Amino acid sequence: MSVSGAELGGLGCSVKRKEDARFIRGQGRYVDDVQLPNMVYLQLVRSPFAHARITGIDTADALEIPGVLAVITGEDLAAANLSWMPTLSHDQQMVLATEKVLFQGQEVAAVVGENRFAAADGAAAVRVDYDELPVLVDPYAALASDAPVLREDREEKTNHIFHWESGDREATDRVFEAADVTVSQDMLYQRCHPAPIECCACVADWNTTEEHMTVWMTSQAPHAHRTVFALVAGLPEHKIRIISPDVGGGFGNKVPVYPGYVCSAVASLTLGRPVKWTEDRTGNLSSTGFARDYHMKAELAATKEGKIQALRVKTLADHGAFNAAAQPSKWPAGLYNICTGSYDLENAFVEVDGVYTNKAPGGIAYRCSFRVTEAAYLIERAVDVLADEIDADLRHAARLDV
Amino acid sequence: MATTTSVSVTINGKEYAADIEARMLLVHLLRDELGLTGTHIGCDTTHCGACTVLLNGIPIKSCTMFAVQANGQSVTTVEGLARNGELHPLQEGFSEEHGLQCGYCTPGMMLTAAALLESHPDPGEAEIRRAISGNLCRCTGYQNIVKAIQHAARSMAAGPASGNGEAEGGEG
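Protein sequence lines, in the order shown, are assigned to chains F and E. So that you can map any letter, position 297 of the first sequence is 296 in numbering that gives the first Met the number 0, and since no number is skipped, the others follow by simple counting. So that you can map any letter, position 39 of the second sequence is 38 in numbering that gives the first Met the number 0, and since no number is skipped, the others follow by simple counting.
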């Protein structure tokens, strides 16, 4: 007797998506579609420099513009102990810059206006004076002994963030010393951005009488975001509701908490009105969570017949100005230790060092990769290089060792 | 405060008049003033196509056009694709062929396709891909988007009346 997929409850059948009905009619509800009575708009002022000391912020002209309700600076937030927020990787990140900026596009001030025009005019009128500082964009240069220390807020006066390793270093080294053939390849898995078509946005609505905060957010992690909001604002979690409506793509980019969200909440707390912040594409690409940026060195040791014996990996991970990595594994390099692939190795050793540079903070688990994309690229490229070296057929080499 | 200007635009067959700032973008007129939030904003630089609408039947990026430039003209948005409760064949096609995931690029994608099918009722795959080259999808659905548009072309060729072939027309 044969049973069809339909009878089994959908197995093997094409299933209609429940959300299509609203999406094909233009009736989705994304964050920027939310309109609340009495709502005002927030626009961020961003740094044009990647590393610079802030010598002054003049908000007087901005406050003169009709419709501008408030200008918030890092100093204002610092007075309320709100100028830093925790990241999802045991680091902290500036909400609005105080003293200096650490990457181009960093958030420096927030302007709230009655409408988007007033907010934009106000943001354009905020005058920020900067003294430029040397810029570090190369993670190797960031570890040089004479490199400027980027993060003055940290006790450790270095640009080194973390060291993580897995495997047996000594045993792996011994295999390399005795091997017939060794190959080495430096690889850069370049920084990329998830770039969902919908940029980040929120509407923060502080209810003054009930003392309750509702935030509509482009969020892939509303529960984690509620916790961060509670930590930053000092509100208990039950006083905060995060609503993540339809999200126009995330790909990991909407897991971290961003300064625009926090500024909107602060503005709503201050003004007692709903505050909408909608990021533009330039802001999204220049300041939100990137992926990859792994500078990898892979070495393989093998017999002259092409039998792979050991893998040794050294990697510099460029995390930008703040370690805002957002992925759910407990390791600082995610699941990068799968870099042995499917090969039958006697020994392997992998180490990763995280480094601060003057770039946007990250990196996130782009399309849930948890660094396995970097790992898979590394091992397959290394096997290609080995096959070239021993002049063996690549597929033959792979078959021998899988 | 900037001075305001009066505009009158026919949208999905209905006339709208508003007093707006001269610098207001067409997409903000549609979304903020008229509440037609089916048209989305993705890049504000004419790259992504999420804000695509039809202006007198021609696809344009409404994030880089001032609302006043549409004065006296006819605009079709995603809200105008279905007629009298009847879905446009493109809407059926996108649903049937899984031509969408997050739905954010979908309205712009369907309007670009509507204009294509108006001028090329039986487009080849290359023609379809060229037509939607100004509309980005990040959930990686181009394969199924092409199938969705082919699906719509087939049903428009086969079926008479019900699918109302001239979607983008509005009144024009």
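Simulated from the structure, these hints should not be mistaken for laboratory data. As the structure is a prediction and not an experimental result, all values here were calculated from the model. Please note: incorrect hints may appear among the correct ones.
[What the hints assert, rightly or not] Straight-line C-alpha distance at most 25 Å; calculated SDA-like pairs for lysine to any residue:
(1) Lys13/E <-> Val246/F
(2) Lys17/F <-> Lys13/E
(3) Lys13/E <-> Lys99/F
(4) Lys99/F <-> Ser144/F
(5) Lys99/F <-> Leu135/E
(6) Lys15/F <-> Gly34/E
(7) Lys303/F <-> Arg153/E
(8) Lys15/F <-> Lys13/E
(9) Lys146/E <-> Arg24/F
(10) Lys15/F <-> Tyr29/F
(11) Lys13/E <-> Lys306/F
(12) Lys146/E <-> Ser144/F
(13) Lys17/F <-> Ser154/E
(14) Lys146/E <-> Gln34/F
(15) Lys13/E <-> Gly9/F
(16) Lys296/F <-> Arg366/F
(17) Lys15/F <-> Lys296/F
(18) Lys306/F <-> Phe175/F
(19) Lys17/F <-> Gly34/E
(20) Lys296/F <-> Thr139/E
(21) Lys306/F <-> Gln149/E
(22) Lys15/F <-> Glu96/E
(23) Lys15/F <-> Thr2/E
(24) Lys15/F <-> Ser154/E
(25) Lys303/F <-> Val246/F
(26) Lys146/E <-> Lys296/F
(27) Lys296/F <-> Val246/F
(28) Lys15/F <-> Asn83/E
[What the hints assert, rightly or not] Here are the computed distance ranges between Cβ atoms for each label pair:
(29) Asp18/E <-> Thr208/F: 31 to 39 Å
(30) Ser5/E <-> Asp137/F: 51 to 59 Å
(31) His162/F <-> Glu126/E: 53 to 61 Å
(32) Thr54/F <-> His119/E: 58 to 66 Å
(33) Asn70/E <-> Arg16/F: 34 to 42 Å
(34) Arg126/F <-> Arg82/E: 33 to 41 Å
(35) Ala20/F <-> Ala17/E: 27 to 35 Å
(36) Ala17/E <-> Asn206/F: 51 to 59 Å
(37) Asn206/F <-> His119/E: 47 to 55 Å
(38) Glu126/E <-> Cys191/F: 36 to 44 Å
(39) Gly123/E <-> Glu345/F: 34 to 42 Å
Idealized CB from N, CA, C, for every residue including glycine.
To see whether the hints hold, each was checked on the structure:
| no. | hint | verdict |
| --- | --- | --- |
| 1 | Lys13/E <-> Val246/F | 30 Å, violated |
| 2 | Lys17/F <-> Lys13/E | 30 Å, violated |
| 3 | Lys13/E <-> Lys99/F | 53 Å, violated |
| 4 | Lys99/F <-> Ser144/F | 22 Å, holds |
| 5 | Lys99/F <-> Leu135/E | 37 Å, violated |
| 6 | Lys15/F <-> Gly34/E | 28 Å, violated |
| 7 | Lys303/F <-> Arg153/E | 59 Å, violated |
| 8 | Lys15/F <-> Lys13/E | 33 Å, violated |
| 9 | Lys146/E <-> Arg24/F | 19 Å, holds |
| 10 | Lys15/F <-> Tyr29/F | 21 Å, holds |
| 11 | Lys13/E <-> Lys306/F | 73 Å, violated |
| 12 | Lys146/E <-> Ser144/F | 57 Å, violated |
| 13 | Lys17/F <-> Ser154/E | 23 Å, holds |
| 14 | Lys146/E <-> Gln34/F | 35 Å, violated |
| 15 | Lys13/E <-> Gly9/F | 43 Å, violated |
| 16 | Lys296/F <-> Arg366/F | 24 Å, holds |
| 17 | Lys15/F <-> Lys296/F | 46 Å, violated |
| 18 | Lys306/F <-> Phe175/F | 13 Å, holds |
| 19 | Lys17/F <-> Gly34/E | 24 Å, holds |
| 20 | Lys296/F <-> Thr139/E | 31 Å, violated |
| 21 | Lys306/F <-> Gln149/E | 50 Å, violated |
| 22 | Lys15/F <-> Glu96/E | 10 Å, holds |
| 23 | Lys15/F <-> Thr2/E | 49 Å, violated |
| 24 | Lys15/F <-> Ser154/E | 19 Å, holds |
| 25 | Lys303/F <-> Val246/F | 53 Å, violated |
| 26 | Lys146/E <-> Lys296/F | 43 Å, violated |
| 27 | Lys296/F <-> Val246/F | 37 Å, violated |
| 28 | Lys15/F <-> Asn83/E | 23 Å, holds |
| 29 | Asp18/E <-> Thr208/F: 31 to 39 Å | 35 Å, holds |
| 30 | Ser5/E <-> Asp137/F: 51 to 59 Å | 56 Å, holds |
| 31 | His162/F <-> Glu126/E: 53 to 61 Å | 55 Å, holds |
| 32 | Thr54/F <-> His119/E: 58 to 66 Å | 60 Å, holds |
| 33 | Asn70/E <-> Arg16/F: 34 to 42 Å | 39 Å, holds |
| 34 | Arg126/F <-> Arg82/E: 33 to 41 Å | 53 Å, violated |
| 35 | Ala20/F <-> Ala17/E: 27 to 35 Å | 30 Å, holds |
| 36 | Ala17/E <-> Asn206/F: 51 to 59 Å | 31 Å, violated |
| 37 | Asn206/F <-> His119/E: 47 to 55 Å | 53 Å, holds |
| 38 | Glu126/E <-> Cys191/F: 36 to 44 Å | 30 Å, violated |
| 39 | Gly123/E <-> Glu345/F: 34 to 42 Å | 54 Å, violated |
In summary, the structure is inconsistent with hints 1, 2, 3, 5, 6, 7, 8, 11, 12, 14, 15, 17, 20, 21, 23, 25, 26, 27, 34, 36, 38, 39 from the numbered list given earlier, while agreeing with the others.
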